[in-house]
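*Asks:* Protein chains in written order, with our numbering: chain Y, 1 to 298; chain B, 1001 to 1443.
Hints are computed from structural coordinates only; laboratory data are not their basis. Here the structure is a predicted model, which is why all the values come from computation and not from measurement. You can take every hint at face value.
What follows is a set of in silico ranges between Cβ atoms, one per label pair, in the way DEER data are often shown:
| hint | chain 1 | residue 1 | chain 2 | residue 2 | range |
| --- | --- | --- | --- | --- | --- |
| 1 | Y | Ile85 | B | Gly1293 | 34 to 40 Å |
| 2 | Y | Trp172 | B | Thr1106 | 45 to 51 Å |
| 3 | Y | Tyr93 | B | Thr1106 | 31 to 37 Å |
| 4 | B | Pro1220 | Y | Gly162 | 53 to 59 Å |
Quick reminder that beta carbons are idealized off the backbone N, C-alpha and C, glycines included.
The primary structure of each chain is shown beneath.
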Amino acid sequence: MDTFLTILLDGLQFSSYLFIVSAGLTIIFGVMKILNVAHGSFYAWGAYTAAFFIGKFSDMGMPDALGFLIIIAAAVVVGVVLGFIIEQGILKYMYQRDEVLIVLATFGLFLVLEDIILIAFGTDPYFAYQPMALLAAVEIGGITRDVYGLTLIGVATLVAIGCWWLLNKTKWGTILKAVIFDREMGISMGINVPLVYTLTFIGGAILGGLGGAYIAPTISVAPGLGTEVIVLSFAVVVVGGMGSIVGAAIGSLIIGLLRAVAVHELPQVELFVVFAVMAVVLVFRPEGLFAPAKPRKI
Amino acid sequence: MNKGLVAVLAALVVGAVAFMLTSEKPSEEKKEATAPVADEGKQITIAVPSFLTGGAAGPFGIPAMNGAKMVVDAINKGKLPAPYNTKGFGGATASLIELDEGGGATKQVAEYRNLVEKRNVDAVVGYISSGNCQALAPIAEELKQFTIFATCGTPRIFEEAPRQYVFRTMSHATADNTAAAMYVKENFPGMKGYTGIQQNYAWGQDSWRDFDLTLKQIMPNSKASDNVQFPKIFAGQYGSEISAMSLDSADLVHSSFWGGDLDAFIFQGAARGLFAKKTGVLTVGGTAAYRLGKKLPNGIVLGARGPYGILVRDRDSVLNQWFINTYKNLYGTYPSGPAYQYGQAILAAKIAYDKAGSDPSSEQLAGALRGITFESFSTKVEMSLGGGHQAVTENGYGITKYDEVNGENIVTDVKFYPASCIMPPDGVGSVEWIKGGMKGAKC
Chain Y
1 MDTFLTILLD GLQFSSYLFI VSAGLTIIFG VMKILNVAHG SFYAWGAYTA AFFIGKFSDM
61 GMPDALGFLI IIAAAVVVGV VLGFIIEQGI LKYMYQRDEV LIVLATFGLF LVLEDIILIA
121 FGTDPYFAYQ PMALLAAVEI GGITRDVYGL TLIGVATLVA IGCWWLLNKT KWGTILKAVI
181 FDREMGISMG INVPLVYTLT FIGGAILGGL GGAYIAPTIS VAPGLGTEVI VLSFAVVVVG
241 GMGSIVGAAI GSLIIGLLRA VAVHELPQVE LFVVFAVMAV VLVFRPEGLF APAKPRKI
Chain B
1001 MNKGLVAVLA ALVVGAVAFM LTSEKPSEEK KEATAPVADE GKQITIAVPS FLTGGAAGPF
1061 GIPAMNGAKM VVDAINKGKL PAPYNTKGFG GATASLIELD EGGGATKQVA EYRNLVEKRN
1121 VDAVVGYISS GNCQALAPIA EELKQFTIFA TCGTPRIFEE APRQYVFRTM SHATADNTAA
1181 AMYVKENFPG MKGYTGIQQN YAWGQDSWRD FDLTLKQIMP NSKASDNVQF PKIFAGQYGS
1241 EISAMSLDSA DLVHSSFWGG DLDAFIFQGA ARGLFAKKTG VLTVGGTAAY RLGKKLPNGI
1301 VLGARGPYGI LVRDRDSVLN QWFINTYKNL YGTYPSGPAY QYGQAILAAK IAYDKAGSDP
1361 SSEQLAGALR GITFESFSTK VEMSLGGGHQ AVTENGYGIT KYDEVNGENI VTDVKFYPAS
1421 CIMPPDGVGS VEWIKGGMKG AKC
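Between the sequences and the hints, there should be enough to build the whole structure, so can you do that?
*Replies:* Rendered as structure tokens:
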């Protein structure tokens, strides 16, 4: 029973991490049809910004609880600033181009943003352990768990509920769905599609930044951390169906839980599991498990 | 787009950039102060590859490069302590080509060829990654280029093929893990079982293999876990692995993690009480000792891949104190293992140049370094394995403790094992030697 509970919590915790990061990626793809490789940079910038300011404010003697506000602020600032600059400065001039070219452009942006991180923050790692240290540890299932890690499940749940509410209960969600289904029809109905694109990109970037900022207290924030996360995010989005929030949630759960089972029962296949799931889904359902329906144009 | 929104965003960008620029940045500026000074007269060019980007840069690559630059600078000026206080490399002033080791073995092979065939470097000294060293050794032999590997650990380089032009001036991974096992036996004789977490590539797999095989020999009653963890390198998230190890009945956790992975594992493991319940053995933990400060838990068995860094801080030889004090003055921190290891490799290059005579060829340099014994900054280096191309040194471990008075980590109960105790004799493979009961070991 202890092992089952531990696997379940481990799986949920890792799934939550995957979902927060991949939700932004899939939202951007769903609305804008852009496979944004630079999403890994939003994650890295979120982590660096949060770690930098948490460290600075801690050195200044500010209360450690402020770290939680800094995490949210870092995600918002990184998402708004980087998202706005990239979308308005580069992507909006490429929407009519081939999708492959846009992927290449975002890959180039990813490399540039990684180098800017080196210039801005240097190569030394940053530590922002204060928010994690602030929350106590608890005994669950016979082992000690850090409460900060468990809060990740709550954050992911809030993000999922927020996305659902936004898409299904607001006028803005109706507009988004209209653009997702048929961009031209949306324009003809008077929707300001360029504005929708800009705000969607910023929203996705904020989620990417949130993933990095929230994880920052548990890791050594060092150059290159955006590279790993983008690979995992792609796996989640491919499994769930590109452009589907529900798909990202289910994809994260499948990968996170299976990985946790592998780590506990057969650690040799831990790496294999993530991509085996992706391969199986691609064989039987190439569009992913929950790919949004596409309208047939006649 | 709304002009008001644009103005707000612009203000945010300006504010963030201003804050970052006015805040203290890491020691980027300091390292430039050590760039070697070119003298008139004979010149040689030494290429020094190290991780300058990526997760390995901060804990490994930058300290390593700093160590190399500091020693080259001192050699050029004749400021190393005796017996190395002659100016230059065989009288020649060295200039460095600093290279990023990142990007994988394929890229490194291409860059190495470029260095030798187009840039005509005189020597290549460096490399941290075992994968890169493994890929480059045959290329160096093909190009007949004098090359010293500084830090990479896999034993295979000199065990799988004889080398003529390639050297490694520190012990390989077998020494790290046989010494760790012996330290465990001496200090934790009641240990019943052990598990581990390793990065899933040659380094992690070799490290676990040697540690496990040695314990099977010297503590046959202890049991290895069936669920040793091998996460992907640079994974960063080890929640599930820590849970699995926490549930494991093993009372000891061995890890050869390094760089950001090591820091993340320590943070996450400490927050979950892993190191309070089980003894941690970190073979490369020395790189974290100075950087993590109080966040490094007490009671961890800490190695530094040899007699380097925090393990030798109290050694009062003139060479060692020069190394520590000069490094601290230049970079504001104590030197960790990689700084020592790169400094040691550069020192070996100087010895080879001094011995090989005027304007030496790669053959003459190799002949000068092959099989020699020399006193390095913190230890004696014997080039006694691999036909005189692979060094052996003593290796040691200690137990971490935070010194509240001075506000820094120290190690207690430090014990060093002689090279003859923890490394196989020349011509015998590591695995074969350990499995055969470590015959001939002189402890």
